[in-house]
Amino acid sequence: MFTLPQKESRKPTTCPGSVSTRGLHSIYGDGLEREAARKPDQKLLYGVGDPTAMFSSDSPHLSSRGSIIKWFWDSAEEGYRTYHMDEYDEDRNPGGIINLGTSENKLCFDLLSRRRPRSCVDVGDSAGPHCEGILREEVASFLSFYCKSPAPLKPENVVVLNGCASLFSALATVLCEVGEAFLIPAPYYGAITQHVYLYGNVRLVCVYLDSEVTGLETHPFQLTVDKLEMALQGAISEGVKVKGLILINPQNPLGDIYSPGELREYLEFAKRHALHVMVDEVYMLSVFEESVGYRSVLSLEGLPDPQKTHVMWATSKDFGMSGLRFGTLYTENQDVATAVASLCRYHGLSGFVQYQMAQLLRDRDWINQVYLPENHARLKAAHTYVSEELRALGVPFLSHGAGFFIWVDLRKFLPEATFEEERLLWRRFLENKVLLSFGKAFECKEPGWFRLVFSDKAHRLRLGMQRIRQVLEGKSQVAEDPPSCQTQEPRGPHR
Amino acid sequence: MSIQSRSNPSDIPHMSDGQVWDQAFRNHSIHTCLMEMVLSLQQAVADHITQLATRHQQQDLVPEEQGHNQPIWGQEALLGRLMFQMVNHLQFGATGGQKFQPPCPSEDSKGDVRSREQAQVSKQIYKIFYQLTNFEDTSINYVLSNRGVETSALYHGSFQDYNTYQGNKYHEDKNTSGFINLGTSENKLCTDLLTERLSRSDMNYIDDDLLQYSDWRGQPFLREEVAQFLTYYCKAPAPLDPENVVVLNGCSSVFSALATVLCDPGEAFLVPTPTYSDFVFSAHLYAKVDLVPVDLESQVSDANTHPFQLTVDKLEQALLNAKLEGKKVRGLVLINPQNPLGHIYSQDSLMEYLEFAKKHSLHVIIDEIYMLSVFDESITFRSVLSMESLPDPNKTHMIWGTSKDFGISGFRFGTLYTHNKEVALAMSSFGYLHGISGITQYKLHRLLQDREWIDNVYLPTNHSRLQEAHRFITNELKSSKIPFLSHGSGLYVWISLRKYLDPCTFEEELLLHRRFLDKKLILSCGKTFMCKEPGWFRLVFAATPLLLKHAMQRFYTVLVEQEQDWVVKQLEDAINQEVEDLPASDASQSYSREVILTSGLEGCCSDLGL
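Heads up: the sequence lines are chains F and H, in that order. Sequential numbering of the first sequence, starting at 1, is according to my numbering. Sequential numbering of the second sequence, starting at 1, is according to my numbering.
The hints are simulated quantities; they were obtained by calculation from the structure and are not laboratory data. Glycine is no exception: its CB is placed at the ideal position from the N, C-alpha and C atoms. Watch out, some of these pointers could steer you wrong.
Coverage of chain H stretches by chain F, computed from C-beta distances (three or more under 8 angstroms per stretch; other residues unrestricted) [to be verified]:
{"#": "1", "region": "203-215"}
{"#": "2", "region": "227-236"}
{"#": "3", "region": "241-253"}
{"#": "4", "region": "293-300"}
{"#": "5", "region": "412-426"}
{"#": "6", "region": "446-453"}
Under the rule of at most 30 angstroms between Cα atoms (straight-line distance), these lysine-lysine pairs were calculated in the DSS-like manner [said to hold, decoys possible]:
{"#": "7", "chain 1": "F", "residue 1": "Lys-433", "chain 2": "H", "residue 2": "Lys-421"}
{"#": "8", "chain 1": "F", "residue 1": "Lys-241", "chain 2": "F", "residue 2": "Lys-271"}
{"#": "9", "chain 1": "F", "residue 1": "Lys-271", "chain 2": "F", "residue 2": "Lys-148"}
{"#": "10", "chain 1": "H", "residue 1": "Lys-421", "chain 2": "H", "residue 2": "Lys-169"}
{"#": "11", "chain 1": "F", "residue 1": "Lys-154", "chain 2": "H", "residue 2": "Lys-169"}
{"#": "12", "chain 1": "H", "residue 1": "Lys-421", "chain 2": "H", "residue 2": "Lys-174"}
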């Protein structure tokens with residue numbers, strides 16, 4: 001049985017009660033030292049994110065929040081910037097960087113561009129509700145169909161804006177006061193930290209998951225209600241007010257899919273504590289293993305607390321159109337829908353893009369008969385290729401037949417289990433012209449995990465994997481004493 | 001800090017005035033009075049908390065002491081929530097108990113004036129209701145945060161008219177009884193040109209790059225195009241640098257993000273008023289930045305050579321007052337050409353304002369969104385980017401967008417040009433939240449690139465159509481002796497309807513606004529621009545001649561009715577006074593007041609060369 005550690009051990013910080021001060025060091029600030037200082041049998045269960053603890057330099061031209069915001073930009077964009085200065089191109093720059101770090105689906109541009117949208121030019125009307133009304137109807141019917149909702153979803157519960165980042169920002173603002181927090185199982189898509197902070201000044205309390213399978217757990221990085229409870233209690237004991245829980249399903253970066261049973265447990269937990277649940281289902285149509293049996297939260301009969309369950313979806317991932325900036329919220333709570341819509345003035349999308357989106361979502365024949373089968377087949381092929389390469393390299397990884405990425409365990413390639421070493425390895429990849437994402441960016445508490453995006457064209461993947469192999473083979477000889485990590489065999493698509 | 005009074009657009013002057021209280025007590029039940037008290041209490045608490053928070057921010061606190069801020073935040077949230085609940089309970093009680101009916105815009109408000117007494121009562125109730133509009137949507141709500149509740153209420157208070165309009169738009173064939181919107185500043189004169197240009201085949205390009213994540217500051221090709229475009233049209237002395245360009249989905253977003261990176265919550269910008277209402281809104285909604293008004297006056301005097309003139313003295317005074325109130329002012333917001341006044345700042349005045357800002361190390365945000373809508377050839381507009389040497393280039397930030405100058409507000413495009421790299425980088429983070437579709441970015445890039453079409457087709461046509469529409473409206477206004485301000489730029493005229501208000505208050509202004517709505521005509525009233533003087537309206541003329549004609553018919557109908565009601569009221573007052581056997585001093589007083597009012601306006605007209 002999984003036993004709860006003593007209370008002291010899950011205190012990652014010093015002074016309870018003092019919140020949002022710079023004295024409060026979060027996992028961001030001194031995670032490394034704490035990691036090292038902890039006894040091996042103790043687990044770090046949660047951490048309260050505090051963006052103010054992350055930077056030190058003040059600017060004469062910026063406000064203090066402006067300086068933090070700039071810090072976000074400077075730190076997060078490092079790899080991306082390097083990549084942009086030296087992008088790989090088959091003909092023009094074959095020695096350039098291959099990007100296996102950004103989660104984008106580059107496999108289906110041909111399908112998308114062949115389905116040329118008819119053009120609609122309606123230039124006026126800042127709010128463009130005539131388009132928006134149609135689009136909301138299309139979204140409702142689209143989600144009813146693909147999420148298999150028991151009853152048709154209603155257009156008035158739909159809010160449309162320019163991407164899920166905006167949705168996180170708007171939801172954080174209308175659900176939380178300044179300094180309040182959301183729970184989020186970590187590792188998670190790290191940009192959310194920034195989205196909820198920029199305007200909302202809302203923090204994230206990480207529910208740390210780890211690779212070790214203990215007690216009744218059946219798989220690595222498993223989210224359990226116990227862990228949620230402990231993180232919540234921990235945050236409360238520090239004086240942090242938690243207003244909601246963020247779930248990503250299919251999970252990013254783990255590729256996990258929550259079963260309906262698990263999902264219901266998490267929702268019940270949230271209801272018990274009167275928490276909102278934001279379910280980010282941005283990869284819902286990118287489940288390429290049929291046998292996985294993905295279930296949207298909108299398909300559940302009798303949600304525990306429908307008024308506090310808010311579902312997010314976008315076309316960025318499932319239609320490989322991250323540049324189009326389209327995201328949507330489905331919530332039965334009219335107060336939330338209205339409040340988020342009030343902020344749409346700042347998150348609007350062009351009238352004609354709305355029109356084109358409506359056209360695309362309506363084209364059920366093309367989606368079902370052309371796009372989805374082809375997309376899934378290509379994802380599967382790319383996934384098969386990369387996982388075989390990894391197996392050949394003897395690298396353990398997690399992947400569940402959903403999403404565009406594989407969560408790769410490179411712990412044995414770190415001479416020391418620290419985030420510095422993780423970053424060094426990441427740099428070595430970058431120097432060898434392949435961009436990956438390191439685990440720290442996802443608030444993973446175990447150093448040595450990387451996210452590898454496989455949804456790219458075969459020739460780029462081949463080259464990317466070659467470059468990874470070069471680094472690891474050069475590197476693995478250096479690592480004299482690989483830490484005793486259990487090797488995860490890739491879980492088959494049997495779940 | 002969740003309840004700010006100053007920068008709140010639907011705020012009206014305080015009810016602390018004793019007369020109002022007395023009147024209210026005589027006319028209404030205890031419910032209504034209680035409601036007012038609660039509101040005042042709420043305001044008091046909010047102010048107190050703001051002060052507390054400001055003081056804490058100003059002091060250099062040792063880390064342990066900072067912890068004490070937290071209880072204050074908590075307290076604030078709790079108090080705020082309690083207040084909201086009380087107001088709601090009371091509002092509910094009052095509505096059930098007596099005829100506390102919120103006036104509905106679509107209802108005929110003639111009922112108000114059917115009998116003198118009834119009108120008086122409904123006006124009082126209206127006054128109270130108006131104060132409550134901030135809270136009308138706040139059904140006891142544990143779901144949303146306080147700021148969430150406030151956001152909803154503020155939005156619906158401010159955009160109610162617009163939404164009504166969207167549901168029932170005027171159409172010359174299909175819906176002649178629909179709303180005519182001369183309230184929203186949009187240029188609808190050139191949609192034919194734009195539709196044609198945007199339908200050309202070069203616009204329908206799609207490639208992989210447009211569908212993927214791009215640089216969050218905007219696609220490099222668009223930022224380069226914007227830099228070149230601004231270099232050319234702003235007549236910059238040296239080519240502008242694409243690295244200094246940030247592209248977001250609209251100028252509201254640019255302003256909101258800029259306010260966030262330049263100010264901490266509760267800090268402030270100076271803004272000459274009347275000013276564009278959306279900035280009031282944008283400062284408040286997300287950024288929680290206050291706007292400190294620099295009140296300008298219509299009266300012409302020695303120091304004020306033209307109506308609503310901005311002078312450095314007034315800036316100094318406003319800054320001083322703000323400092324005395326403990327406000328931390330971080331910048332100055334200028335709009336040039338001005339909205340709603342249509343002013344253009346001369347290069348000398350602009351330089352004075354910039355020097356003032358430099359002296360106090362303030363940022364200057366200058367919005368030049370109407371820079372290509374200067375349709376009077378005799379006027380020379382000078383962009384801030386055209387100046388040879390800016391006093392403080394690192395603190396001068398220019399905003400532009402295509403919404404007004406190209407009449408494509410539905411495109412959602414706004415851009416910032418700043419010499420300050422740090423500000424540009426901090427702004428970049430907001431690309432996540434205010435990003436534009438790659439496809440839209442491509443179209444904009446093509447549009448801005450087509451210099452030949454812009455110079456030879458679009459701008460000349462647009463300007464001549466604007467001139468024509470402007471001539472029509474100004475002739476109408478002149479012939480009906482309505483004073484107005486307009487300087488040959490922008491899409492609107494700033495008109496004074498003070499002589500139709502009696503008394504000349506913001507409540508009366510709002511009632512007149514409602515009357516226009518009853519006749520399905522939308523104008524913007526001065527209050528939404530934070531204008532200090534009641535009775536001003538902004539009328540947008542960038543619409544087709546036919547629509548303008550219809551609109552003016554409705555406009556006159558309302559004014560005639562308003563005048564008739566005024567006469568009736570005067571007579572009734574006179575009769576009442578005779579009955580009460582009082583000397584007619586009141587009547588003569590109002591007569592003399594009328595004379596002053598009219599002569600004041602004449603002065604204003606003559607100054608404009610009317």
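Here is how each hint holds up against the structure:
1. Counting residues of the region 203-215 of chain H whose beta carbon lies closer than 8 angstroms to any beta carbon of chain F gives 12, which meets the minimum of three for the stated coverage.
2. Only residues whose beta carbon comes within less than 8 angstroms of a beta carbon in chain F count, and the region 227-236 of chain H has 0; fewer than three means the coverage is violated.
3. With 4 residues having a beta carbon nearer than 8 angstroms to a beta carbon of chain F, the region 241-253 of chain H meets the requirement of three or more and the stated coverage holds.
4. Here the region 293-300 of chain H counts 0 residues with a CB under 8 angstroms from a CB of chain F, which misses the bar of 3, and the coverage is violated.
5. With a threshold of 8 angstroms between beta carbons, the proposed coverage of the region 412-426 of chain H by chain F holds, since 6 of its residues qualify and at least three are required.
6. Counting residues of the region 446-453 of chain H whose CB lies closer than 8 angstroms to any CB of chain F gives 0, which falls below the minimum of 3, so the coverage claim is violated.
7. Between Lys-433 of chain F and Lys-421 of chain H the alpha-carbon distance is near 28 angstroms, which keeps this suggested pair within the 30 angstroms criterion.
8. Among the hinted pairs, Lys-241 of chain F with Lys-271 of chain F is consistent with the structure: their alpha-carbon atoms are about 16 angstroms apart, no more than 30 angstroms.
9. Straight-line distance between C-alpha atoms of Lys-271 of chain F and Lys-148 of chain F comes to about 23 angstroms, which keeps the hinted pair within the 30 angstroms bound.
10. For the hint pairing Lys-421 of chain H with Lys-169 of chain H, the CA-to-CA distance comes to about 45 angstroms; that exceeds 30 angstroms, so the pair is violated.
11. Straight-line distance between C-alpha atoms of Lys-154 of chain F and Lys-169 of chain H comes to about 25 angstroms, which keeps the hinted pair within the 30 angstroms bound.
12. Under the criterion of a C-alpha separation no larger than 30 angstroms, the hint pairing Lys-421 of chain H with Lys-174 of chain H is inconsistent with the structure, at around 52 angstroms.
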